[in-house]
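From just these sequences and the hints, can you work out the full model?
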Amino acid sequence: MPGLSMNARSRALAVAATLASAALIGAAYGGAASCSAASAHLAGTLSLSETGHLHLTSHHSFTLNEQGSASGTISGTIYIHLNIVSTNRVTAEVNIYPRGGSLTGYATASYRPSGAVATFAGTMTVARGSGRYAGAHGAGLSFTGTIQRTNDAVTVHVSGRIST
Amino acid sequence: MTLRFATLATLAALLALGGAPSGALAVSERATLDASFSPDRLATPTTIAFGFHLATGEGAAPPPLTAVDLRMPAGMNYTTTTLGLAICQPAALLASGLAGCSPNSRLGYGSAYVEVPFGTGSGHEIPEIQALSGPSPNGNLTVLFYANGLYPVSAQLAFSGEVLPATGRFGSQLAIAVPLVASVPGGPDVSIVSVTSTIGPRHLTYYRHVHGRLVPFKPRGVSVPERCPPGGFPFAADFTFQDGSRTSATTTVPCPAQRR
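So the protein lines, in turn, are chains A and B. For the first sequence, the numbering used here gives the first residue as 1058, with consecutive numbering after it. For the second sequence, the numbering used here gives the first residue as 29, with consecutive numbering after it.
Because the hints were derived from the structure by calculation, they are not lab data. Built from N, CA and C at the ideal position, the CB exists for glycine as well. Just so you know, not all the hints are guaranteed correct.
Here are the simulated distance ranges between beta carbons [unchecked claim]:
(1) A:THR1102 / B:GLY128: 38 to 44 Å
(2) A:SER1128 / B:ARG197: 29 to 35 Å
(3) A:THR1130 / B:PRO284: 45 to 51 Å
(4) B:PRO67 / A:THR1134: 49 to 55 Å
(5) B:SER124 / A:SER1167: 31 to 37 Å
(6) A:SER1126 / B:ALA119: 26 to 32 Å
(7) A:ALA1178 / B:PRO163: 15 to 21 Å
(8) B:ALA119 / A:SER1167: 43 to 49 Å
(9) A:ALA1178 / B:PHE187: 24 to 30 Å
(10) A:THR1130 / B:GLY128: 42 to 48 Å
(11) B:PRO207 / A:ALA1196: 34 to 40 Å
(12) B:THR280 / A:SER1128: 33 to 39 Å
Structure (structure tokens):
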């Protein structure tokens, strides 16, 4: 910001952060949460409803490594490490990178291969977040999806409430 | 099946029952089990071949088989197999045979040897057993077996087995409920003496649409575990018979030679 002193620049950043936080709260929280202008960290609860479309980037042993895009309440790049632990169970690590932060969750689900599509359904725990989502946590989120068995493309749906 | 054959068969069965020693129910069944991987390389998609042979200590045909529980080694990797991309419906299979189901539902093939319990020397081969991917009402992988018997028992059978998780040295088990097949209407049931089958891509061709054309491809099999346990890969099978008796068998697939 050319022409502004350090103090003026700090004040300007703080105001900008406050405005950004207010806008985010209005969009994602319906005005029900508070904010911290210093970190632009959202505090309160967030109702997530995400859909991710991912493609296989690699597989190692029993794990499919997938990357794609998530859209819904938040949008960004999504990574899933889907570990097929038995003939009918999967576990997953889910990382979503929306603008300004990240969310990390762990899921367990039943796994049902049936023809060209395998489905999974279970629950996810949000263990941590960073940036705008620092301190995010939540449990019992719905975690469902499909795997196209011909190319291991994954579609995943995550929904539920998290605290931030 | 002609009436004459049925009458003779029934008569033979009655004679056999009448002539059976009083201790016949105490016969002991014996089972042997074979298994192999092809190719036999660690962490490589493979075709699993397995077979079992049943007999009694007295040399007679075993009682009719009602269930087989085949346990497979831990570490078999189902993650990237493309076997069973289509589902075969049992009704379609029984109505039209293999033609009633997509080639993409085929999992393997084999044969069986059965004995009609009318004395000895009455064994016959069922040359065609097909393993297909079946509907899974419980959400588990389901293997549908189709047996096309022509003589001496004309019967087309479809029966299924579920792939379930297992524990310890075993990672999965294929639990098969075997239906009873009457040798003649109202007569004794057929005894299964031996079965061989494969689960894997060997001799299978799948098809996919590419730009409007059907293109053949080889499905990817279940992978051999990445590590071989001491003593080899264990397989085990439990057999349950119509009379309630049980027997079991084990075998191992030797560890593949180390590649240098």
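Verification of the supplied hints:
no., hint, result
1, A:THR1102 / B:GLY128: 38 to 44 Å, "53 Å, violated"
2, A:SER1128 / B:ARG197: 29 to 35 Å, "45 Å, violated"
3, A:THR1130 / B:PRO284: 45 to 51 Å, "50 Å, holds"
4, B:PRO67 / A:THR1134: 49 to 55 Å, "38 Å, violated"
5, B:SER124 / A:SER1167: 31 to 37 Å, "33 Å, holds"
6, A:SER1126 / B:ALA119: 26 to 32 Å, "42 Å, violated"
7, A:ALA1178 / B:PRO163: 15 to 21 Å, "18 Å, holds"
8, B:ALA119 / A:SER1167: 43 to 49 Å, "27 Å, violated"
9, A:ALA1178 / B:PHE187: 24 to 30 Å, "28 Å, holds"
10, A:THR1130 / B:GLY128: 42 to 48 Å, "46 Å, holds"
11, B:PRO207 / A:ALA1196: 34 to 40 Å, "46 Å, violated"
12, B:THR280 / A:SER1128: 33 to 39 Å, "50 Å, violated"
Violation of the numbered hints given earlier is confined to hints 1, 2, 4, 6, 8, 11, 12; the remaining hints are satisfied by the structure.
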